[in-house]
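Student: The residues making up each chain are set out below.
Number of protein chains: 2
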Amino acid sequence: MNDSEQEIIEATYRTLCEYGYANLTMRRIADESELSKATIHYHYDSKDRLFKTFLERLYERYVDRLDEVSGETARDRLEALLTMELADREADPCINFQTAMLEVRAQAPYNEDIQEMLSAFDEALISSLREMIADGIDAGEFDNSVDPDLAADLLTTTIKGAHTRHIAVQHPLDHSYRAASTYVDTYLLGENPSKVTV
Amino acid sequence: MNDSEQEIIEATYRTLCEYGYANLTMRRIADESELSKATIHYHYDSKDRLFKTFLERLYERYVDRLDEVSGETARDRLEALLTMELADREADPCINFQTAMLEVRAQAPYNEDIQEMLSAFDEALISSLREMIADGIDAGEFDNSVDPDLAADLLTTTIKGAHTRHIAVQHPLDHSYRAASTYVDTYLLGENPSKVTV
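Those protein sequences? They're chains A and B, same order as listed. Quick note: the first sequence uses the numbering used here, first residue 67, plus one each step. Quick note: the second sequence uses the numbering used here, first residue 67, plus one each step.
The hints are simulated quantities; they were obtained by calculation from the structure and are not laboratory data. One or more of the hints may lead you astray.
Pairs involving identical chains hold if they fit within one copy or between any two copies, as the list cannot separate such chains.
Unchecked claim - Below, a list of computed lysine to any residue pairs in the SDA-like style, where the Cα atoms sit at most 20 Å apart:
(1) Lys103 to Arg80
(2) Lys118 to Gln236
(3) Lys113 to Ser194
(4) Lys113 to Leu239
(5) Lys103 to Asn68
(6) Lys113 to Ala88
(7) Lys103 to Gln72
Sequences are here, hints too, so could you generate the full structure?
Tutor: Below is the structure:
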């Protein structure tokens, strides 16, 4: 990716923040960048092509961020991942970008390229979660009767639901964070409260 | 609500199924109904006003369906609710309507009336779940250290996430159903697998 392409991708991000996905046009992206509309067309022959590349770059960055999630134990890593996906988002300077990404999700059924890319995001998250949970079971940290696939799927669904509710109905992300964290502490760790009372 | 209004609301549903939310117009609603565009304008002076009424009717029907969820025990009722929200949707004849409703969610940040109505849907679901969970605790069926607010919030978030993933990335609803059901069986019932191994 050369400098112009990098500039176009960054201008696309700023345009999404400002206008949302429905109003994303090549004209507006050009206005947000240092480049002419012709230069943008030279690099990307259509808005769809440009947007696909934008999602690919976003995906690469997302996978890097998932890889950077660290912690001594599997539970620490899982907590760090929930913090990244839920708690940290509350402080995101560009809430409008998250709104735009919900618009993009709603467009996925109409656009195969978008659907494919969004599936890749989901798959990256599930596979990180699955690995952390399996590591925790191997280390004797998580209950060995937990099914890593099922637990990773539930947490992924919960995280996506938290994002949707946060944007659509302003449901506080820290509620979702607490709920997901309690799930990890009780179900995965096997610290079910009933053990205390039985 | 008189016959014409009822007819307009039903035509709005069919129009959403066929064209999605982005392409919903008074013209198309008129074409789907037995009524003229002028008659529709007589009842609703704008598309936004009509759509708000549509969401209100949908909400009333949703609350009725929640009230109809029945079962002998709290757990049975919770299972029936998960079946209604997750398992049954797979067989929905109008998948496009669910797609349109995801578009509507993405519009909520831009439209206060829509956001208010969608919050009411969320609140109705949470309050049904909270009541079922609290009933189950009172009856000694669910673990008494479960926090009904937190558990109802997690299940609501999971259900909304399941809907979003189903539409956006074609994630099978029965996976989400299984994951949510396992959560109920282990966390709420206190049948944590660790109890067997401890």
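Student: For each hint, tell me whether it holds in the structure or not.
Tutor: Checked hints:
For the homomeric pair Lys103 and Arg80, the shortest alpha-carbon distance inside one copy (16 Å) is at most 20 Å, but the shortest distance between copies (40 Å) is not. Taking identical chains as interchangeable, the C-alpha atoms of Lys118 and Gln236 lie at most 20 Å apart only when they sit on different chains, with a minimum of 19 Å there against 28 Å within one chain. Proximity of Lys113 to Ser194 under the C-alpha cut-off of 20 Å is found in neither arrangement, the shortest distances being 31 Å within a copy and 44 Å between copies. In this assembly of identical chains, Lys113 and Leu239 lie within 20 Å of each other by CA distance neither inside one copy nor across copies; the values are 32 Å within and 32 Å between.
In this assembly of identical chains, Lys103 and Asn68 lie within 20 Å of each other by CA distance solely inside one copy; the values are 17 Å within and 53 Å between copies. When the C-alpha separation of Lys113 and Ala88 is checked against a cutoff of 20 Å, the pair qualifies both within a copy, at 12 Å, and between copies, at 18 Å. Only within a single protomer do Lys103 and Gln72 lie at most 20 Å apart by alpha-carbon distance; the minimum there is 15 Å, versus 48 Å between protomers.
Of the numbered hints stated above, those contradicted by the structure are hints 3 and 4, listed in ascending order.
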